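Protein chains in written order, with the working numbering: chain S, 1 to 194; chain Z, 195 to 426; chain W, 427 to 647; chain C, 648 to 987; chain X, 988 to 1178; chain R, 1179 to 1751.
Worth flagging that the hints you see were computed from the coordinates, not collected in a lab. None of the values given here were measured: they were computed from a predicted structure. Just so you know, even glycine gets a beta-carbon here, dropped at the ideal spot from N, CA and C. Take these hints with a grain of salt, some might be off.
[Stated by the list, open to error] One-sided excerpt, in silico: chain S residues whose CB lies under 7 angstroms from chain C:
#1 Ala161
#2 Val175
#3 Leu179
#4 Gly186
[Said to hold, decoys possible] Mimicking PhoX-like on lysine-lysine, the simulated pairs with C-alpha atoms at most 20 angstroms apart in a straight line are:
#5 Z/Lys317 / X/Lys1052
#6 W/Lys520 / W/Lys479
#7 R/Lys1430 / X/Lys1089
#8 S/Lys94 / X/Lys1014
#9 X/Lys1016 / X/Lys1089
#10 X/Lys1016 / S/Lys94
#11 C/Lys871 / R/Lys1191
#12 R/Lys1651 / X/Lys1157
#13 W/Lys510 / W/Lys562
#14 R/Lys1430 / X/Lys1157
#15 C/Lys823 / W/Lys562
#16 Z/Lys409 / Z/Lys210
#17 W/Lys479 / W/Lys574
#18 X/Lys1080 / S/Lys34
#19 R/Lys1327 / R/Lys1430
#20 X/Lys1159 / X/Lys1087
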Amino acid sequence: MSHYLFILVGAVLVNNVVLVKILGLCPFMGVSKKLETAYGMGAATTFVLTVATGSSYIIDHFLLIPFGLEYLRTLSFIVTIAAIVQLTEMVIAKTSPTLQQTLGIYLPLITTNCAVLGVPLINVASGYNFVESLLFGAGSAVGFSGVLILFAAIRERIEGADVPRYFRGSAIAMVTAGLMALAFMGFAGLDKYQ
Amino acid sequence: MTRDEFSTIAYNGLWKQNTALAQLLGLCPLLAVSTNIVNGVMLALATIIVMALANVAVAMLRNLIPHEIRIPVFILIVAALVTVVDLLFNAQLHELYVVLGIFIPLIVTNCIVLARVEAFAAKNPPLNSTVDGIFMGLGLLWTLAVLGAMRELLGSGTLFSGIDMVFPSLSPIQVLPADYPGFLLGLLPPGAFILLGCMIAWKNWMDARAAERAKRRPPTPEAIADTAEAGA
Amino acid sequence: MTSTPREYTAPGMALRTAAILFIFVIAFTAMLSAAYQWTKPAIAASALAEKMKLLNEVLPGSDYDNPMLQDTLTLPPTAELGLKEPSTLYRARKNGQPAALIFEAVAPDGYAGRIRLLIAIRADGSVAGVRVTQHKETPGLGDYVDPKKDKNKTSPWITQFNGLSLASTPAKEWRVRKDGGRIDYHAGATVTPRAVTRAVHQAVLWADIRRDQLFAEGSTQ
Amino acid sequence: MMFAPAPYLLKDASVSRVMTMVCLALIPGITAYAWLVGPAILVQLVIASVTAIAAEAAMLKLRGKPLAMFLSDGSAIVTAWLIALTFPPLAPWWLVVTGTLFAIVIAKHLYGGLGQNPFNPAMVAFAACIVSFPALMSQWPSVGLQMPLLDQLNVILGLAPRVDALSGATPLDAMKTALKLGEGQVDIAHLLANQDIYGNFAGRGWEWVAVGYLLGGLWLWQRKLITWHAPLAFIGGMVLISGVLWLYQPASFASPLFHLLSGGTLLGAFFIITDPVSGCTTPRGKLIFGFCAGLLAYIIRVFGGFPDGVAFAVLLMNLSAPLIDQLTQPRIFGMKGKQS
Amino acid sequence: MDILLAIAIMALGAVVLGAALGFASIKFKVEGDPLVEKIDAILPQTQCGQCGYPGCKPYAEAIAKGEADINLCPPGGMEGVQRLADLLGREVKPLEAEEKPKQVAIIDENTCIGCTLCIQACPVDAIVGAAKQMHTIIAQQCTGCELCLPPCPVECIHMEVIPETLENWKWKYPVVAIQPVATRPSAEEAA
Amino acid sequence: MLAKLFKFYGGVKPPSNKTLSNQQPIRPAPLPSRLVVPLHQSIGGTPRPLVQAGDPVLKGQKIGEADGWISAAVHAPTSGTVVEVAMHVRPHVSGLESLCVVIEPDGKDEWIAHGPADRAAMSPADICQFLQEHGIVGLGGAGFPTHGKLKATPGVPMAELIINAAECEPYITCDDLLMRERADDIVRGTAVFRDMLQPTRVIIGIEDNKPEAIAAMQKAVEAQGEAFAVVPVPTLYPAGGAKQLIRVLTGKEVPGAMRSTADMGVQVFNVGTAYAAWRAIGHGEPLISRIVTLTGNVRSAGNVEALIGTPMDELLKLAEPNPDTDGIIMGGPMMGFLVPNEHAPIVKTSNCLIAHSERLFPPKAPEMPCIRCGACARACPHELQPFELYWHARAKDFGKTQQYHIFDCIECGCCSFVCPSRIPLVQYFRFAKSEIWAREKEKKAADEAKQRFEFKQFREEREKAEKAEKLAKAAAAQAAKKAAEAAAASDAPATEQPAEAAADPAEAAKKAAIAAAMARAKAQREAAQPKNTDELTPEQAKAMAEIEARRQQAGIVPEPADALPATTEAKPE
Ligand SMILES: Cc1cc2nc3c(=O)[nH]c(=O)nc-3n(C[C@H](O)[C@H](O)[C@H](O)COP(=O)(O)O)c2cc1C
Ligand SMILES: Cc1cc2nc3c(=O)[nH]c(=O)nc-3n(C[C@H](O)[C@H](O)[C@H](O)COP(=O)(O)O)c2cc1C
Ligand SMILES: Cc1cc2nc3c(=O)[nH]c(=O)nc-3n(C[C@H](O)[C@H](O)[C@H](O)COP(=O)(O)O)c2cc1C
Ligand SMILES: Cc1cc2nc3c(=O)[nH]c(=O)nc-3n(C[C@H](O)[C@H](O)[C@H](O)CO)c2cc1C
Ligand code: SF4
Ligand code: SF4
Ligand code: SF4
Ligand code: SF4
Ligand code: FES
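The whole structure should be built from the sequences, with the hints applied where relevant.
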């Protein structure tokens, strides 16, 4: 039981996808200018990442491994994820305009979030079982959303700061991400209890 | 393709629309594997191959692909190409393959590839698309190389560490004195972020300076024609 | 943009997209599979080479002449070696005689977690070589146990174990100097060497009592 | 035409006065520190201050800001002193210089200087240095080491070799290592009995430095420069988690008192957690900030990879502060009891 | 053999996913684009066409489609660019043209010949009058777009900067700040 | 006396400096050489001028008619001649001009006929109108027309009537002196308000640093046998803010969004307002003068009763300003402003003139960045987060400032007072507020423009369609006619174009045809020529009519503008 907890907490903090594993940076930098959009992106990513880890596990274990087709992992994972994302997007766009506003417009961006492919691949590399994979996926998603939201709040504040001219915009955001990563290094070593 | 087109594409890829410094795309591999020049350059090469091929493929096939499954098909093409590159690295440069790890397969989701495919190849003829892919990749390459060099130098005082994985006969250069304590932060994620931030600021500075100079110089006839065209 | 302005019904569109995706997938999977088949031997070869290289680091190639990769045993999870999962043990022989055992061990109490080791122990009980294969120790501080990171390139820290055996080294000397043993360490970073030393000592002890049995067991393919 | 807006009356307050008072409040702690390890700390204070002022001046000049006005505000000195006080006292000079430069240039001026930095500059310096130079940053002089000023100076300037005696560990680290080594055979009471390391109650002598910080902090509070929220919550968080674990397994977890008086707890509680610029500003926000920082500091120092967790805890809370502030906006006048 | 197996499995997946996507794309088709409305709401509705589009709405549509940049509307000013950038998550860019102070058109009563050409030109019906009658501009409704200037045959229309009165007077940005304050980049700064 | 006082959050204690000016009794100010009476002196509509240059006026004669309900009449402060009705600088931070009546006093100070109101015969509405006619507006600062506040909100019982005598701003003592010297009239005025509002309690709140005023008021209340409570409140700026005083005296907190305190069953009036109301009701005197504190860098500070319209510099001379005086602050040092033009007249809300000098009010040290110390938040009586407001106002992120409740800020200046970085916080807030208002106006204008644009497009579409239809019809008619003509003149050779057939024998028929064609063409042209005179608003029509009239005068248009559509005649309101 505590083992599962460690995987989850570890994925959120110690091995944070963005700041430690360095995955999913493009949306992290791109969709963090406003707190509101960060919430939306966080929710969308959480959904997709969880689905992606689940479906990838199933594909890997029931199609690829039995037939010795591991080399098709990248291909099959990503195409499936892309299709699922697109399907979800269409369904949301049609069925719920509010959900479309909060979630839908972010969905298309997610296919190019490398965390979505990276996390399932890490799962495979770590040999996680289904539950572990899901937990790691969910933990990564929460870790992503969490730092995205915190980052957005900081960026909203920095917006008002007297940042030197050439550093305004993405440069200072990058430095901020660096200092956030520095802060997250504080969790290093906590996962040795795993 | 005219010479002008070519130079626009080249300028865009190398500087103006530089994936890392201007578009802020493809950041993960950029930051993750730029711990030294060699890793960075090799990953950039892999990306260039994928990007060029993907752009050709999409540009050639663009008229066959229905809008609804555009994204899955693009991704399919990219993923297939990436896997091929992955296999090649595994076969030929196994050590490097181990070091680069999941960042080779992740070229698939590397936003630059898809963004370029979407933004350029899907609208342009194959030759232009190929050139675009190559120059976008070259833009990534030099950024990666510079970032890698800075991190390596700062972190361990060397350059080209790991070169023996590609050319077994060569060995890394110790640039700073051997007792340089090593500002490890440079090799760690925070250092990568901060240094990239500085590079972006540097680009802003260069651009601002160029703009300043352009303003001071009386506009050339071509420039006037250009703006007129842009206005039209 | 589709070139056809035609209106489709839902099932019609489903058929159409399915067909197109089908064609694309066939084409690209075929390409991919071909590439895979083509590179397969090379990949296998480089994987093999990598493994051999690692094995040869702990046991010089001149010390054995059997195809070691075929002469293996699968060890169950072994607590004494700190292993929580099955692992492979290689048996080196020279001229048909047992030469050395090569196996994995884990030091569980490194500064930042588990440190994986590959250890070769000769038939006479002495250590032939130790390599760190995986660790998370602090770069620049605890990572000198990995010869690739050790600043001392001529005689890396890890080579201290070469030649040690239970016979030559009493139990209380299987410790870092600070704790009264004979293993050197870097001041300010004692945790890591301590962990490695303890793990190597454990491994030597483990191998010592079952060496003959291990060499004798039917080889697994 | 002259135009100055109301109010025309102003309270007699200024940033430089605020910063001067913070420096004054640090003096009791510094005195105890100097008494404990000798004048080395004073040397470090000077090195850090000079570096900070120089870096501040250079950055102001580069950015085209009025030099005199900002150099005299004193905030760089506060940052510098906190860096000097958190770095090992015999750390080589270049380490302190590197840290201070990093703090002033990257953590402070890239964000626009005074008042605009989201991260605590001093703690950024500490964190950057400990991940970069873990060995040097965890070498604390063995306690009871009496060394004349000149020798200390030589060590700091790198003119004398760093002997083993200089590279002990803090009580916190020593305890962590000892517990690990003992693997359950050593118990806390036994360890603490070793007065050579642990002194009267929390690391020989260090507890008196902590008491000095406590006094300074209380004075700041009395002068209304800081509010009680963050320090109390920080101490509360630390006491709570250490108390629970201590009650649960007294043999392997040290008492709350030990944790309060060792490492950077009290310096952090009164001088670092309270940094107004990078911390939370709403009362509830300060409580959350302090409490979480206390928990995190304990977790990192006891279970994590670093000798003390205050710096990382502060940075982690710094990055949460803007969000916490937004979520804990107080009810405004006329909105009491209403869902706004 | 392996290749065939691989192809078969992937093809199976492709058929399933392709069918699902195709089906969904028709079943869940949505019309209209709420984004255009949002963009249009930000544009100043001057309808002046300086953006190169025949009005604010067409420009909004072009932005939504990604065809037009967000910095083409001079009446909207940097302010407008900023808000568009916020809405669309794009980078702020300096305005293409210079910002002008707010103006209104004034018709010289004594020269106007009542030709009605300006009425036809004014996109917001801010000019009243009929054929052969003196025309006048309702200052409150004039958006200052200058479209009525060129058609006037006797050039009786000119633009005037709206003067500051107690009604439209605004508190200024505090000037005592010694330190040059960072705000969102203004046009000349970002240039 | 009330048992319990409440506290409000925040507040500051600046040095009060009141003894400077409260040592002398109120002096009457001499008649100035010229009076400039701005028409706009209260919140709401600008009164319409009733006089023209050259008109003689008497003291108390109405010279400006209230424009709408939220507006109050303006009166001549003395007798004399109207010199002009023109734009003159107003006592306003902007230094801009507004319409003023300039009167040259004749020195006779001759009253117009006036007398007390017959309250017994007047309904509350009549009394309101009476006060409006007599130009009574709030003298506490904002200048809201008093009659507008004399009605309880329907459904909310009026619990407390509060007379605001806190006078919390440093330096100002006009209310203090008024209470010391004219407490009886204040109490009578309060009684008028009490009769109108019928509150359960009447409380007169006075800061406890004015013991003489408290005593005087208590005496007056007792003397008149009223049940008003005279309550000393702790001296803490801004206890005199209506919401703070309500909080202190009743414990109620009036939310910032609430339009009127009457919605909470409380109404607040300044003492000066009560006094002025009684002068109107009891004596029929309109509001033409007020008590003004003259203080600051002067040799003989004190209070004067000055006529509205007296130029400030002239008035301040009475207090003998020191030579290093370099400006005049109107109002208190916390909320007032340095007047950009010292010739500006005093108005009904000018309670204090402070001679400014650098010795008294040292120039501010330059603004430093905010260090988020929170001192401002601890001082803000409205419990706002001024540094957050500042942060976003500075970056011009106005949405965020509204999120942080910028419109709850009463601009009291406590935050600026305590800020160690000496940031002119209030200034930033005023800037943000006025930008937001301007923006809202612009938004509204844009919406309207869009509507009109869409309507125009719609109309053009319609016209195009109509024109096409007409053309088609005309073509058909012509074809028919031609056929008829051809039939009529079957002997003549058929011609395509009537005009070309000049030598046609059938001249008459042709001429008729040409005339018809011209008429058609004319009709067509007219149909095609857009008219924009339908659906005009009355103001537009009025403006057009005026212009047409001017043009006619100038002889540009030969004939009367009878072409103006009927809507022109629509009555202006
Ligand atoms: C950030 C940090 C990382 C460290 N990493 C290691 C490590 O990887 N290996 C190690 O042996 N000690 C490491 N240490 C040092 C240990 O905490 C401990 O102080 C040291 O091992 C004790 O050695 P000593 O007995 O020689 O003083 C690290 C210390 C810090 C502060
Ligand atoms: C304000 C105004 C007044 C005019 N007054 C007369 C007039 O009194 N007599 C006349 O023959 N034409 C008058 N015109 C018509 C023009 O002088 C000119 O003859 C006419 O525009 C030519 O007609 P067309 O535009 O249909 O070709 C007037 C035009 C305008 C705009
Ligand atoms: C900060 C602040 C301080 C004020 N101080 C006083 C004061 O001392 N005396 C006063 O009568 N009104 C003061 N006012 C005005 C009151 O809020 C309120 O408008 C006035 O008492 C209403 O009475 P009136 O309509 O008769 O002017 C102050 C307002 C503010 C915002
Ligand atoms: C109560 C108080 C605590 C402070 N703590 C710190 C601190 O921990 N670290 C620091 O760099 N500066 C500190 N400062 C100084 C100043 O706020 C800091 O340099 C700013 O972050 C610079 O913008 C402190 C100032 C005050 C008033
Ligand atoms: S430039 Fe602006 S105001 Fe003019 S039409 Fe275009 S969007 Fe409208
Ligand atoms: S009157 Fe002229 S400037 Fe004004 S809106 Fe109409 S066309 Fe534009
Ligand atoms: S001016 Fe506004 S923000 Fe400042 S203290 Fe007064 S109410 Fe609060
Ligand atoms: S008092 Fe001044 S410095 Fe302090 S928080 Fe408020 S605005 Fe900032
Ligand atoms: S490369 Fe773009 S998200 Fe990772």
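Results for each hint:
Evaluation of the S/Ala161 hint against chain C yields a held restraint, the C-beta minimum of about 4 angstroms falling below 7 angstroms. The beta carbon of S/Val175 is positioned within 7 angstroms of a beta carbon in chain C (closest approach about 6 angstroms), and the interface hint is therefore held. A hinted interface residue such as S/Leu179 counts as satisfied when its beta carbon comes closer than 7 angstroms to some beta carbon of chain C; here the least separation is about 5 angstroms, so the hint holds. Interface restraint check for S/Gly186: the shortest CB-CB distance to chain C comes to about 3 angstroms, inside 7 angstroms, so the restraint holds.
With a C-alpha separation of about 15 angstroms, the suggested pair Z/Lys317 and X/Lys1052 falls inside the 20 angstroms cut-off, and the hint holds. Straight-line distance between C-alpha atoms of W/Lys520 and W/Lys479 comes to about 18 angstroms, which keeps the hinted pair within the 20 angstroms bound. In summary, the hint linking R/Lys1430 to X/Lys1089 is not supported, as the alpha carbons are separated by about 45 angstroms, beyond the 20 angstroms threshold. Taking the CA atoms of S/Lys94 and X/Lys1014, the gap is about 9 angstroms. The hint holds against a cut of 20 angstroms.
With a C-alpha separation of about 43 angstroms, the suggested pairing of X/Lys1016 with X/Lys1089 is violated against the 20 angstroms cut-off. For the given pair, X/Lys1016 sits about 7 angstroms from S/Lys94 by alpha-carbon distance, which is consistent with the 20 angstroms threshold. Taken as a hint, the C/Lys871 and R/Lys1191 pair is honoured in the structure, with Cα atoms around 16 angstroms apart against an allowance of 20 angstroms. A hinted pair counts as satisfied when its Cα atoms are at most 20 angstroms apart, and R/Lys1651 with X/Lys1157 does not qualify at roughly 58 angstroms.
The suggested pairing of W/Lys510 with W/Lys562 holds, with an alpha-carbon distance near 18 angstroms, which does not exceed 20 angstroms. Restraint check: the Cα-Cα separation between R/Lys1430 and X/Lys1157 comes to about 33 angstroms, which exceeds 20 angstroms; the hinted pair is violated. Under the criterion of a C-alpha separation no larger than 20 angstroms, the hint pairing C/Lys823 with W/Lys562 is consistent with the structure, at around 19 angstroms. At most 20 angstroms may separate the alpha-carbon atoms for a hinted pair to count; Z/Lys409 and Z/Lys210 meet this at roughly 18 angstroms.
For the proposed pair W/Lys479 and W/Lys574, the alpha carbon gap of about 14 angstroms is at most 20 angstroms, so the pair holds. At roughly 18 angstroms between alpha-carbon atoms, X/Lys1080 and S/Lys34 fall within 20 angstroms of each other, so this suggested pair holds. With a C-alpha separation of about 18 angstroms, the suggested pair R/Lys1327 and R/Lys1430 falls inside the 20 angstroms cut-off, and the hint holds. About 18 angstroms separates the Cα atoms of X/Lys1159 and X/Lys1087, which keeps this hinted pair within 20 angstroms; it holds.
Hints 7, 9, 12 and 14 from the earlier list are contradicted by this structure; the remaining hints agree with it.
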